[in-house]
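Q: Sequence:
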Amino acid sequence: GEFVTRTIKKVLDEETTRLENGLAMLATVGATAPFVGLFGTVWGVYHALVAIGMSGAGTLDKVAGPVGEALIMTGLGLAVAIPAVMGYNWLTRSNRVILSKLDAFAYELHTFVSMGQPLSADAGNAPPPPVRSAAAAIGRPRAA
92 GEFVTRTIKK VLDEETTRLE NGLAMLATVG ATAPFVGLFG TVWGVYHALV
142 AIGMSGAGTL DKVAGPVGEA LIMTGLGLAV AIPAVMGYNW LTRSNRVILS
192 KLDAFAYELH TFVSMGQPLS ADAGNAPPPP VRSAAAAIGR PRAA
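Final position of the sequence shown in our numbering is 235; the numbers increase by one with none missing.
Keep in mind that the hints were calculated from the coordinates and are not lab data.
Here the structure is a predicted model, which means the values were calculated and not measured.
Please note that the accuracy of each hint is not assured.
As the list claims (entries may be wrong) - Okay, derived cross-link-like pairs now, SDA-like style, lysine to any residue, Cα gap no bigger than 25 Å in a straight line: (1) Lys100 / Leu110; (2) Lys100 / Ser191; (3) Lys100 / Ala115; (4) Lys192 / Leu110; (5) Lys192 / Gly113; (6) Lys192 / Thr96; (7) Lys100 / Arg184; (8) Lys192 / Phe94; (9) Lys192 / Asn180; (10) Lys192 / Glu106; (11) Lys153 / Val136.
Claimed, not checked - Restraint-style ranges between C-beta atoms, simulated for each label pair: (12) Ala170 / Leu140: 23 to 31 Å; (13) Pro125 / Arg97: 39 to 47 Å; (14) Asn186 / Glu93: 23 to 31 Å; (15) Pro209 / Gly113: 30 to 38 Å; (16) Val95 / Leu129: 51 to 59 Å; (17) Leu167 / Lys101: 39 to 47 Å; (18) Gly159 / Glu106: 45 to 53 Å; (19) Gly92 / Leu167: 53 to 61 Å; (20) Gly92 / Met177: 42 to 50 Å; (21) Thr123 / Arg184: 18 to 26 Å.
Beta carbons: idealized from backbone N, C-alpha and C, even for Gly.
Just need the whole structure built from these sequences, with the hints factored in.
A: Quick look at the structure:
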């Protein structure tokens with residue numbers, strides 16, 4: 092009984108770790124890319140101001156190039172951030188669904204191995220237990 096409990100818990104933990112692999116990096120890219128774009132904007136505006144200061148006149152030809160570069164950097168930052176955040180959200184939701192199904196299966200497997208019978212006659216039609224219920228079920232010692 093205890094071996095099965097530990098094994099199921101170990102597999103659930105391994106699969107959770109596997110599914111979450113790379114999500115932190117994707118979240119970091121999504122969160123920091125707008126700041127990289129903002130840095131590019133600041134850099135471009137700085138160069139525009141330097142050009143104005145050196146020429147002594149704020150003509151359009153001195154300002155347009157650096158400001159245009161600044162806007163391109165802002166756009167690139169957003170072009171990276173938006174898909175990264177959307178991908179992160181999609182993967183997080185998909186992982187929750189997969190882990191919920193895996194958890195329901197682990198709960199039924201633990202019940203079957205512990206009692207020697209399926210959870211119920213129509214276990215396949217029963218709604219899945221709440222997320223992480225198998226982990227809670229296998230974390231408690233069995234009644235003697």
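Q: Now tell me, hint by hint, if it's right for this structure.
A: Hint-by-hint comparison with the structure:
{"no.": "1", "hint": "Lys100 / Leu110", "result": "15 Å, holds"}
{"no.": "2", "hint": "Lys100 / Ser191", "result": "14 Å, holds"}
{"no.": "3", "hint": "Lys100 / Ala115", "result": "23 Å, holds"}
{"no.": "4", "hint": "Lys192 / Leu110", "result": "13 Å, holds"}
{"no.": "5", "hint": "Lys192 / Gly113", "result": "21 Å, holds"}
{"no.": "6", "hint": "Lys192 / Thr96", "result": "18 Å, holds"}
{"no.": "7", "hint": "Lys100 / Arg184", "result": "22 Å, holds"}
{"no.": "8", "hint": "Lys192 / Phe94", "result": "22 Å, holds"}
{"no.": "9", "hint": "Lys192 / Asn180", "result": "19 Å, holds"}
{"no.": "10", "hint": "Lys192 / Glu106", "result": "12 Å, holds"}
{"no.": "11", "hint": "Lys153 / Val136", "result": "11 Å, holds"}
{"no.": "12", "hint": "Ala170 / Leu140: 23 to 31 Å", "result": "26 Å, holds"}
{"no.": "13", "hint": "Pro125 / Arg97: 39 to 47 Å", "result": "44 Å, holds"}
{"no.": "14", "hint": "Asn186 / Glu93: 23 to 31 Å", "result": "28 Å, holds"}
{"no.": "15", "hint": "Pro209 / Gly113: 30 to 38 Å", "result": "36 Å, holds"}
{"no.": "16", "hint": "Val95 / Leu129: 51 to 59 Å", "result": "53 Å, holds"}
{"no.": "17", "hint": "Leu167 / Lys101: 39 to 47 Å", "result": "43 Å, holds"}
{"no.": "18", "hint": "Gly159 / Glu106: 45 to 53 Å", "result": "49 Å, holds"}
{"no.": "19", "hint": "Gly92 / Leu167: 53 to 61 Å", "result": "57 Å, holds"}
{"no.": "20", "hint": "Gly92 / Met177: 42 to 50 Å", "result": "44 Å, holds"}
{"no.": "21", "hint": "Thr123 / Arg184: 18 to 26 Å", "result": "22 Å, holds"}
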